[in-house]
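A.B. asks: On the provided structure of chain A, position chain B as indicated by the hints.
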Amino acid sequence: EVQLVESGGGLVQPGRSLKLSCVASGFTFSNYGMNWIRQAPGKGLEWVAYISSGSSYIYYAETVKGRFTISRDNAKNTLYLQMTSLRSEDTALYYCARQRDTYYGYIDYWGQGVMVTVSS
Amino acid sequence: DIQMTQSPASLSASLGETVTIECLASEDIYDILAWYQQKPGKSPQLLIYDASSLHTGVPSRFSGSGSGTQYSLKINSLQPEDFASYYCQNGLSAPLTFGSGTKLEIK
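Line by line, the protein sequences are chains A and B.
Residues in the first sequence are numbered from 1 upward in steps of one, following my numbering.
Residues in the second sequence are numbered from 1001 upward in steps of one, following my numbering.
Chain A on its own, in the form it takes in the complex (with noise of 0.2 Å):
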């Protein structure tokens, strides 16, 4: 069974920085492409970040770029977002969630998510 478990989550001051992983287990992991997709409270989904299966190709979105860094261990089995001068609208639920396939971003499964709240 594919199993996508964030953490890593909490309350944190704008401006300030937070790190979430995402340990997957139940499919090999390094063939896999993978992606961040957040969602602010009562509001629709926004991809956020993209990573290839052997961190070759990277993608952010443009809200995101120069302040969030997407990476992963294929050794750990583990997807991580480090996000840096964090805004009170990076406030969501972020979902770790594997890619389908190669070359289209069609996302077959998603962790629970793990919520970030920006706030003083």
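Quick caveat, the hints were computed from the structure, so don't treat them as lab data.
One should not assume that every hint holds.
Straight-line alpha carbon distances no greater than 25 Å define the calculated DSS-like cross-link-like pairs of lysine-lysine that follow [unchecked claim]:
(1) K1074(B) x K1039(B)
(2) K43(A) x K1039(B)
(3) K1074(B) x K1042(B)
(4) K1074(B) x K19(A)
(5) K19(A) x K1103(B)
(6) K76(A) x K19(A)
(7) K1103(B) x K1074(B)
(8) K1103(B) x K76(A)
(9) K1103(B) x K1042(B)
(10) K65(A) x K19(A)
(11) K65(A) x K43(A)
(12) K43(A) x K76(A)
(13) K1103(B) x K1039(B)
(14) K19(A) x K1107(B)
(15) K1107(B) x K1042(B)
(16) K1107(B) x K1074(B)
(17) K43(A) x K1074(B)
(18) K1107(B) x K1039(B)
A few chain A residues facing chain B, derived, Cβ under 7 Å [claimed, not checked]:
(19) W47
(20) Y59
(21) G105
Derived DEER-like restraints, expressed as beta-carbon distance ranges [unchecked claim]:
(22) S71(A) x E1017(B): 42 to 52 Å
(23) G66(A) x L1015(B): 45 to 55 Å
(24) L1015(B) x G42(A): 21 to 31 Å
(25) A1013(B) x G42(A): 39 to 49 Å
(26) N1076(B) x G15(A): 42 to 52 Å
Computed from a prediction, not measured in an experiment: that's the story for all the values here.
Built from N, CA and C at the ideal position, the CB exists for glycine as well.
C.D. replies: Using the frame of chain A, we list chain B on its own:
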């Protein structure tokens, strides 16, 4: 970036009815479109990919169609478990943009 315009924002329907949700892409996405269902307090679930292919385990009352810039999700014979929010998504290229969502409620 490819913009995804989804309509309606909300929809009220009765059990057994058929409903359709529309999604308009700002440019041709060559059928590289997905639909997701999200129930309150839960993670989204993939329903349809490649505009019309049903994901594993999804009931056949769900169907997708469209091409170019215009796509739709149809749900036949609404069941209680279908009342949820639905999102379309451009899967062609980063950024992977989503529609703003459609909340389907029981009439």
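A.B. asks: Taking the hints in turn, state whether each one holds.
C.D. replies: We went through each hint and held it up to the structure:
Of the supplied pair hints, the one linking K1074(B) and K1039(B) holds, its CA atoms being roughly 17 Å apart against a limit of 25 Å. About 13 Å separates the Cα atoms of K43(A) and K1039(B), which keeps this hinted pair within 25 Å; it holds. Between K1074(B) and K1042(B) the CA atoms are separated by roughly 22 Å; this keeps the pair inside 25 Å, and the hint holds. Among the hinted pairs, K1074(B) with K19(A) is inconsistent with the structure: their alpha-carbon atoms are about 40 Å apart, more than 25 Å.
For the given pair, K19(A) sits about 32 Å from K1103(B) by alpha-carbon distance, which is inconsistent with the 25 Å threshold. Restraint check for K76(A) and K19(A): the C-alpha separation of about 16 Å stays at or below 25 Å, so the hint holds. Straight-line distance between C-alpha atoms of K1103(B) and K1074(B) comes to about 14 Å, which keeps the hinted pair within the 25 Å bound. Straight-line distance between C-alpha atoms of K1103(B) and K76(A) comes to about 38 Å, which puts the hinted pair past the 25 Å bound.
Simply put, K1103(B) and K1042(B) have alpha-carbon atoms about 14 Å apart, close enough for the 25 Å limit, and the pair holds. Simply put, K65(A) and K19(A) have alpha-carbon atoms about 15 Å apart, close enough for the 25 Å limit, and the pair holds. Restraint check: the Cα-Cα separation between K65(A) and K43(A) comes to about 21 Å, which is no more than 25 Å; the hinted pair holds. Among the hinted pairs, K43(A) with K76(A) is inconsistent with the structure: their alpha-carbon atoms are about 32 Å apart, more than 25 Å.
Restraint check for K1103(B) and K1039(B): satisfied, since their Cα atoms lie roughly 10 Å apart, inside the 25 Å limit. Among the hinted pairs, K19(A) with K1107(B) is inconsistent with the structure: their alpha-carbon atoms are about 43 Å apart, more than 25 Å. Our distance criterion of 25 Å between C-alpha atoms is met by K1107(B) and K1042(B), whose separation comes to about 22 Å. Of the supplied pair hints, the one linking K1107(B) and K1074(B) holds, its CA atoms being roughly 18 Å apart against a limit of 25 Å.
A hinted pair counts as satisfied when its Cα atoms are at most 25 Å apart, and K43(A) with K1074(B) qualifies at roughly 23 Å. Straight-line distance between C-alpha atoms of K1107(B) and K1039(B) comes to about 17 Å, which keeps the hinted pair within the 25 Å bound. Among the interface hints, the one on W47(A) holds; its C-beta lies about 4 Å from the nearest C-beta in chain B, closer than the 7 Å criterion. Annotation: Y59(A) was flagged as interfacial toward chain B, and the flag holds, the nearest CB pair being 4 Å apart, inside 7 Å.
Evaluation of the G105(A) hint against chain B yields a held restraint, the C-beta minimum of about 4 Å falling below 7 Å. Hint check: S71(A) to E1017(B), Cβ distance near 47 Å, so the stated range 42 to 52 Å holds. A beta carbon spacing of about 49 Å between G66(A) and L1015(B) agrees with the range 45 to 55 Å that was offered as a hint. For L1015(B) and G42(A), the Cβ-Cβ distance of about 26 Å falls inside the hinted range of 21 to 31 Å, so the restraint holds.
A C-beta distance of roughly 22 Å is found between A1013(B) and G42(A), which places it outside the suggested range of 39 to 49 Å. One distance hint, 42 to 52 Å for the beta-carbon pair N1076(B) and G15(A), holds here, with the actual separation near 51 Å.
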